[in-house]
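Working from the sequences, and respecting the hints, build out all of it.
There are 2 protein chains.
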Amino acid sequence: MQNFELLTQSQIEQIHEATLEVMEQIGIDFKYKKALEILSKGGANVDGFRVRFPRKMVEAQLRKVPSEFTLYARNPEHNLIIGGDQHIHVPANCAPFVTDLDKGRRYGTFDDFENLVKLTHASQNLNMLSNILVEPNDVSHELRPAKTIYACLRLSDKCFMGSAIDPDGARHTLQMISIVFGEKEPLTQKPRVIAIPCSLTPLCYDENMLGVMIEYAKAGQPQLINSLTIGGATAPATLAGALVVQNAEILAGIVFAELVREGTPVVYAMGSSCADMRSGTLSVGAPEMSIHNVMAAQMARFYKIPSRGVGTLTDSKTTDMQAGYESMMNLMAAHNGGVNFILHATGSLETINCVSYEKFIIDDEMVGMMNRISRGVQVTQDSLALEVIAEAGPGGQFLDKMHTFEHCRNEFFLPRLSDRKPYESWEKAGAISIQQIANQKWKDILEQYQPPDFPESVDKDLKKYMTEI
Amino acid sequence: MQNFELLTQSQIEQIHEATLEVMEQIGIDFKYKKALEILSKGGANVDGFRVRFPRKMVEAQLRKVPSEFTLYARNPEHNLIIGGDQHIHVPANCAPFVTDLDKGRRYGTFDDFENLVKLTHASQNLNMLSNILVEPNDVSHELRPAKTIYACLRLSDKCFMGSAIDPDGARHTLQMISIVFGEKEPLTQKPRVIAIPCSLTPLCYDENMLGVMIEYAKAGQPQLINSLTIGGATAPATLAGALVVQNAEILAGIVFAELVREGTPVVYAMGSSCADMRSGTLSVGAPEMSIHNVMAAQMARFYKIPSRGVGTLTDSKTTDMQAGYESMMNLMAAHNGGVNFILHATGSLETINCVSYEKFIIDDEMVGMMNRISRGVQVTQDSLALEVIAEAGPGGQFLDKMHTFEHCRNEFFLPRLSDRKPYESWEKAGAISIQQIANQKWKDILEQYQPPDFPESVDKDLKKYMTEI
Numbered sequence: 017m018q019n020f021e022l023l024t025q026s027q028i029e030q031i032h033e034a035t036l037e038v039m040e041q042i043g044i045d046f047k048y049k050k051a052l053e054i055l056s057k058g059g060a061n062v063d064g065f066r067v068r069f070p071r072k073m074v075e076a077q078l079r080k081v082p083s084e085f086t087l088y089a090r091n092p093e094h095n096l097i098i099g100g101d102q103h104i105h106v107p108a109n110c111a112p113f114v115t116d117l118d119k120g121r122r123y124g125t126f127d128d129f130e131n132l133v134k135l136t137h138a139s140q141n142l143n144m145l146s147n148i149l150v151e152p153n154d155v156s157h158e159l160r161p162a163k164t165i166y167a168c169l170r171l172s173d174k175c176f177m178g179s180a181i182d183p184d185g186a187r188h189t190l191q192m193i194s195i196v197f198g199e200k201e202p203l204t205q206k207p208r209v210i211a212i213p214c215s216l217t218p219l220c221y222d223e224n225m226l227g228v229m230i231e232y233a234k235a236g237q238p239q240l241i242n243s244l245t246i247g248g249a250t251a252p253a254t255l256a257g258a259l260v261v262q263n264a265e266i267l268a269g270i271v272f273a274e275l276v277r278e279g280t281p282v283v284y285a286m287g288s289s290c291a292d293m294r295s296g297t298l299s300v301g302a303p304e305m306s307i308h309n310v311m312a313a314q315m316a317r318f319y320k321i322p323s324r325g326v327g328t329l330t331d332s333k334t335t336d337m338q339a340g341y342e343s344m345m346n347l348m349a350a351h352n353g354g355v356n357f358i359l360h361a362t363g364s365l366e367t368i369n370c371v372s373y374e375k376f377i378i379d380d381e382m383v384g385m386m387n388r389i390s391r392g393v394q395v396t397q398d399s400l401a402l403e404v405i406a407e408a409g410p411g412g413q414f415l416d417k418m419h420t421f422e423h424c425r426n427e428f429f430l431p432r433l434s435d436r437k438p439y440e441s442w443e444k445a446g447a448i449s450i451q452q453i454a455n456q457k458w459k460d461i462l463e464q465y466q467p468p469d470f471p472e473s474v475d476k477d478l479k480k481y482m483t484e485i
Numbered sequence: 017m018q019n020f021e022l023l024t025q026s027q028i029e030q031i032h033e034a035t036l037e038v039m040e041q042i043g044i045d046f047k048y049k050k051a052l053e054i055l056s057k058g059g060a061n062v063d064g065f066r067v068r069f070p071r072k073m074v075e076a077q078l079r080k081v082p083s084e085f086t087l088y089a090r091n092p093e094h095n096l097i098i099g100g101d102q103h104i105h106v107p108a109n110c111a112p113f114v115t116d117l118d119k120g121r122r123y124g125t126f127d128d129f130e131n132l133v134k135l136t137h138a139s140q141n142l143n144m145l146s147n148i149l150v151e152p153n154d155v156s157h158e159l160r161p162a163k164t165i166y167a168c169l170r171l172s173d174k175c176f177m178g179s180a181i182d183p184d185g186a187r188h189t190l191q192m193i194s195i196v197f198g199e200k201e202p203l204t205q206k207p208r209v210i211a212i213p214c215s216l217t218p219l220c221y222d223e224n225m226l227g228v229m230i231e232y233a234k235a236g237q238p239q240l241i242n243s244l245t246i247g248g249a250t251a252p253a254t255l256a257g258a259l260v261v262q263n264a265e266i267l268a269g270i271v272f273a274e275l276v277r278e279g280t281p282v283v284y285a286m287g288s289s290c291a292d293m294r295s296g297t298l299s300v301g302a303p304e305m306s307i308h309n310v311m312a313a314q315m316a317r318f319y320k321i322p323s324r325g326v327g328t329l330t331d332s333k334t335t336d337m338q339a340g341y342e343s344m345m346n347l348m349a350a351h352n353g354g355v356n357f358i359l360h361a362t363g364s365l366e367t368i369n370c371v372s373y374e375k376f377i378i379d380d381e382m383v384g385m386m387n388r389i390s391r392g393v394q395v396t397q398d399s400l401a402l403e404v405i406a407e408a409g410p411g412g413q414f415l416d417k418m419h420t421f422e423h424c425r426n427e428f429f430l431p432r433l434s435d436r437k438p439y440e441s442w443e444k445a446g447a448i449s450i451q452q453i454a455n456q457k458w459k460d461i462l463e464q465y466q467p468p469d470f471p472e473s474v475d476k477d478l479k480k481y482m483t484e485i
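Read top to bottom, the protein sequences are chains A and B.
If you read the first sequence in this note's numbering, its first letter stands for residue 17, the second for the next number, and so on.
If you read the second sequence in this note's numbering, its first letter stands for residue 17, the second for the next number, and so on.
Since the hints were made in silico from the structure, they are not lab data.
Computed from a predicted model, the values in this text were never measured in an experiment.
Accuracy of the hints is not assured; some may be wrong.
Because identical chains share one entry, a pair is satisfied inside a single copy or across any pair of copies.
[To be verified] Below, simulated BS3-like cross-link-like pairs (lysine-lysine); rule was C-alpha separation at most 27 Å, straight line:
id, residue 1, residue 2
1, Lys72, Lys47
2, Lys459, Lys163
3, Lys476, Lys72
4, Lys234, Lys437
5, Lys134, Lys119
6, Lys417, Lys47
7, Lys119, Lys437
8, Lys72, Lys49
9, Lys49, Lys80
10, Lys206, Lys479
Structure follows, in structure tokens:
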């Protein structure tokens with residue numbers, strides 16, 4: 017397997033050099049006194065909020081970053097290696113709206129949140145939960161972190177993301193995973209949660225995010241150090257220039273996390289794209305976002321750090337052909353480019369603003385297809401099939417051969433939604449739309465959902481903790 | 017730029033060795049006496065229809081194949097280099113049915129054929145015409161080759177594909193391009209047309225196709241030596257096994273074409289996928305087809321021959337989300353994998369059975385997006401943008417910067433169809449579907465279409481030729 021790459025080695029080095037120049041000469045604003053003290057002590061030049069990073073300091077901290085790490089799930093079967101040639105699929109994150117064929121578009125609720133946890137838990141293609149699968153707008157802001165973490169813990173035994181909304185959210189997350197996992201082994205040795213603190217592009221970190229980073233780093237939990245540049249708006253209109261801004265933000269964040277706690281596992285996390293220049297607003301269906309996916313994976317490999325990119329993002333408002341091609345473009349760029357942590361792998365519509373139940377299911381099928389491609393091709397004496405080729409011979413056929421029977425189930429992807437019937441059969445069967453099929457599918461999954469076991473005493477402790485917030 | 021690759025070098029060599037074994041020991045049926053004579057004279061072991069190829073013979077003929085070649089258009093601006101790192105986009109080929117939002121699904125007519133020639137001519141993303149853009153069912157079989165070639169010549173000045181339906185079709189094509197181009201320079205020095213003869217999988221060539229190959233090779237015109245294996249039906253269910261069958265057929269065809277005329281430009285042409293094992297019929301929306309795209313490009317590079325793969329193929333019956341994701345998957349696999357000649361780049365629905373006017377336009381947008389990605393990233397002092405990054409500074413913005421103004425038009429892909437508006441604006445504007453937008457677009461293009469100049473005397477000669485068929 018050879019990843020798709022857009023940057024040459026020399027281009028990567030030019031980006032790296034330009035990044036160090038930005039970090040050393042322009043600097044990055046860290047708007048939190050405590051962070052400034054940590055950075056100053058670590059060797060940075062601090063002037064007001066502005067922090068300038070000597071080249072040697074950056075290089076020294078980058079050497080402390082693990083090239084991959086394990087995230088431990090409640091069910092060890094769902095433990096995840098983040099890095100290497102792994103693709104981890106994580107559903108949509110942070111949308112305020114939700115939509116489905118029956119009830120239409122509306123603000124997300126905690127019910128929706130729980131449904132999406134269940135759908136993720138039941139998926140064979142999604143490896144873990146995101147943090148805000150949809151915004152639970154009917155829960156008070158201060159209770160959201162605890163309630164969502166509780167739902168993730170109770171309704172699934174897969175890995176999940178911690179709250180990164182503010183330091184309180186981080187603390188609640190850490191307290192709750194301590195209640196569940198902390199007794200037996202120190203969390204620092206078995207990371208249980210990963211959070212996604214974000215820079216404020218261009219070239220800033222605010223107090224909230226720095227507080228979040230400190231909390232998770234101190235607890236030895238991994239973090240996705242995230243930059244979302246919008247080329248032409250919050251970053252240069254050139255892809256190379258936007259990449260330099262993104263790279264400077266991410267490296268600065270990594271240096272900071274390593275200073276808080278040496279060896280903190282981090283991911284080079286990118287959510288960058290470009291502005292639609294007619295409106296100045298973010299477009300995630302732009303091919304430039306797929307280019308960023310590929311570039312981020314390359315930069316992360318250059319630094320020997322796991323990468324985070326995007327999955328099935330689209331600007332479309334509905335599960336139409338545009339949603340199909342934009343979603344596949346971004347997801348396939350992530351796969352072919354070698355992105356490790358694919359956030360927004362299912363469900364997202366409307367430039368990250370809405371989650372669709374039907375799209376969640378359809379995207380899951382796309383993830384299955386990409387997994388089939390990434391699984392690659394086996395070449396063995398058996399798979400080369402010379403015997404059966406001779407047996408069939410010129411003009412022969414393979415449908416009735418034992419070799420076909422033995423291999424077809426494992427070799428070929430079996431779609432759950434995609435229609436392969438001839439036109440006439442499809443029409444005769446009612447010309448059912450893929451949305452209708454997906455609609456039935458998510459209802460079936462929710463109906464058949466079984467919660468994984470959870471110790472009652474721990475549940476009691478979690479509930480007690482939540483009443484005290 | 018580094019292509020996405022699924023096979024390792026050692027796997028490629030194993031495929032190659034297994035292929036030579038099939039060619040040498042099992043052999044391939046060539047059901048045409050004249051072809052058997054040519055092959056026997058060229059060193060093959062002929063036994064009835066069965067032809068076995070000594071390893072040395074295959075290797076010797078492969079060395080004669082040009083690694084790239086130029087196809088000359090009537091308008092030199094549309095000349096095409098086939099090979100290297102070029103991606104040539106060619107619309108759908110061979111569908112009997114056509115559909116559009118207004119008239120629905122029906123058999124294609126010559127009117128439809130002409131419309132699709134015009135849409136291809138007007139496209140900025142399609143580089144040349146296919147041969148049977150849609151089957152003109154209202155034209156008699158014997159007149160179809162000449163009438164379609166005439167339409168391609170008259171309504172466009174881009175390159176086009178020759179008829180490969182039978183040797184008569186090939187001869188009409190060659191006669192007509194002789195009338196248009198033959199006077200000044202020999203066609204052998206300036207190839208004007210490329211045809212796509214196909215093997216009969218598994219491991220056969222019939223008289224018709226061999227006759228077509230002889231005609232084009234004798235005239236020095238390039239050909240796409242094509243194999244379409246259906247894994248599990250006409251080839252083994254293992255991808256490696258199907259690739260061996262495909263490879264044996266293509267290499268045998270190439271050897272044959274080179275024996276007819278040394279140095280005949282050929283393309284390693286693949287249309288392979290797998291069967292849907294529930295029905296035993298071809299699926300082109302299967303991820304296995306995208307894997308074949310990537311593998312074909314790799315095998316072709318191994319042999320230093322240009323490659324042909326597939327573009328926006330789908331099993332969907334309509335321009336829905338499935339059509340979007342399957343089409344993008346195949347097209348992007350072709351791009352990321354480095355396929356040179358991308359057939360079915362626009363318009364195809366229903367497993368190659370139908371061409372949609374709306375999909376033709378939507379797919380064209382997708383080709384533009386892929387071209388943007390394949391254009392890659394420029395890294396220069398200017399694009400690294402250090403000055404404007406310093407000017408904006410931490411917390412600044414880039415929308416009003418001259419650097420943004422100078423670059424945004426060329427750096428960012430500008431969509432013609434994809435909607436990037438926020439939900440509310442989209443709804444307010446009538447929630448217009450992408451199909452409706454595409455529908456209006458193709459009508460506008462046809463209305464604004466201007467035929468390129470064509471010399472009247474040549475037109476007269478062509479018309480005279482056609483009346484004499």
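Status of Lys119 relative to Lys134 across identical chains (alpha carbons, at most 27 Å): Close inside one copy (19 Å), not across copies (44 Å); limit 27 Å.
How would you label the pair Lys459, Lys163 (within, between, both, or neither) given a Cα cut-off of 27 Å? within (24 Å within a copy, 54 Å between copies)
Check Lys72 against Lys49 for me: Cα-Cα at most 27 Å, and say if that holds within a copy, between copies, both or neither. within (23 Å within a copy, 75 Å between copies)
Under a CA distance limit of 27 Å, which applies to Lys72 and Lys47: within one copy, between copies, both, or neither? This pair counts as within: shortest intra-copy Cα distance 23 Å, inter-copy 72 Å.
Check Lys49 against Lys80 for me: Cα-Cα at most 27 Å, and say if that holds within a copy, between copies, both or neither. For Lys49 and Lys80, only the intra-copy Cα distance (24 Å) is at most 27 Å; the inter-copy one is 71 Å.
Please work out whether the CA atoms of Lys417 and Lys47 approach to 27 Å or closer within one copy, between two copies, in both situations, or in neither? between (68 Å within a copy, 25 Å between copies)
Lys119 and Lys437: within-copy, between-copy, both or neither at 27 Å Cα: between (30 Å within a copy, 23 Å between copies)
One pair to classify: Lys234 and Lys437, alpha carbons no more than 27 Å apart. Within, between, both, or neither? neither (56 Å within a copy, 42 Å between copies)
Could you place Lys206 and Lys479 in one of the four classes (within, between, both, neither) given a Cα distance threshold of 27 Å? Only inside one copy: Lys206 and Lys479 sit 24 Å apart there, 80 Å across copies, limit 27 Å.
Alpha-carbon proximity context of Lys476 and Lys72, limit 27 Å: Neither, since 50 Å and 77 Å both go past 27 Å.
Consistency with the previously given hints fails for numbers 3 and 4, ordered from lowest to highest.
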